[in-house]
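Chain B: place on chain A using the hints.
Protein chains in written order, with this note's numbering: chain A, 1 to 111; chain B, 1001 to 1117.
In case anyone wonders, no lab produced these hints; they're calculated from the structure. Worth double-checking, as some hints may not be accurate.
To be verified - Listing some non-contacts, in silico: residues in chain B with all C-beta distances to chain A over 12 Å:
1) S1007
2) E1016
3) A1103
Stated by the list, open to error - Below, in silico cross-link-like pairs of lysine to any residue (SDA-like), each with a Cα-Cα straight-line distance of 20 Å or less:
4) K44(A) / T1091(B)
5) K1044(B) / G104(A)
6) K44(A) / K1013(B)
7) K68(A) / S27(A)
8) K44(A) / E1047(B)
9) K33(A) / R1067(B)
10) K107(A) / G1010(B)
11) K68(A) / T54(A)
12) K1044(B) / P42(A)
13) K33(A) / D1105(B)
14) K44(A) / G1010(B)
15) K1044(B) / L108(A)
16) K1044(B) / S21(A)
17) K1044(B) / S27(A)
18) K44(A) / N1077(B)
The beta carbon of each residue, even a glycine, is placed where N, CA and C say it ideally should be.
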Amino acid sequence: QSALTQPASVSGSPGQSITISCTGTSSDVGSYKFVSWYQQHPGKAPTLMISEVTKRPSGVSNRFSGSKSGNTASLTISGLQAEDEADYYCYSYAGSGTFGVFGGGTKLTVL
Amino acid sequence: QLQLQESGPGLVKPSETLSLTCAVSGYSISSGYFWGWIRQPPGKGLEWIGTFFHSGSTYYTPSLKSRVTISVDTSKNQFSLDLSSVTAADTAIYYCARQLQWAFDYWGQGTLVTVSS
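So that you can see chain A by itself, here it is in the shape it has in the complex (with noise of 0.2 Å):
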């Protein structure tokens, strides 16, 4: 199973918004509500952004939003912050047989 596709980068202005896609197959990104995003700061263990696809937890800011649109999942974040400057990884279930599969992760540049 090839982990899911993701830009190796990505970069915006404070107060900008960005997006991030997440290109899977109809295996597992288009066949499933089960995709998730996870921030992670250097040194850090990942943080869970979304949940089935547009599942905001408690505690994580309404900046972070999420979506799917056939193969493609895709965070965005708007209003962007210093802060938010870290690796962004995709998640999805991929069915019986395979189960799990982690895209390969963006880093989000704040200029």
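Okay, now just chain B, sitting in the frame of chain A:
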């Protein structure tokens, strides 16, 4: 407050078995949820290793399935990871986490395991 804490040797020799334990506090793992292991080679991305359900079902990533075993000790409220025949490619930070609807909502701090002679 749910907390997870990984523990185990930080150095393992090639061809040996890597064994890690995840101690859970603040929740009884026998009560429900899925529980999983994820790893991250230095400077690289995350890789899902495997998951178990409290009822005993286990799920492993295909590329590691032949070498991985996840087990649970409900009396100690902890679960374990065994990865056999390790090579340098298995050097990574290993995380344990709780899974809810296939999302990892609580993570341990991670433990670095280096495979080297």
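Do the hints match the structure? See the list:
no. : hint               : result
1   : S1007              : 15 Å, holds
2   : E1016              : 26 Å, holds
3   : A1103              : 4 Å, violated
4   : K44(A) / T1091(B)  : 17 Å, holds
5   : K1044(B) / G104(A) : 8 Å, holds
6   : K44(A) / K1013(B)  : 26 Å, violated
7   : K68(A) / S27(A)    : 14 Å, holds
8   : K44(A) / E1047(B)  : 16 Å, holds
9   : K33(A) / R1067(B)  : 30 Å, violated
10  : K107(A) / G1010(B) : 28 Å, violated
11  : K68(A) / T54(A)    : 8 Å, holds
12  : K1044(B) / P42(A)  : 12 Å, holds
13  : K33(A) / D1105(B)  : 16 Å, holds
14  : K44(A) / G1010(B)  : 18 Å, holds
15  : K1044(B) / L108(A) : 15 Å, holds
16  : K1044(B) / S21(A)  : 18 Å, holds
17  : K1044(B) / S27(A)  : 24 Å, violated
18  : K44(A) / N1077(B)  : 24 Å, violated
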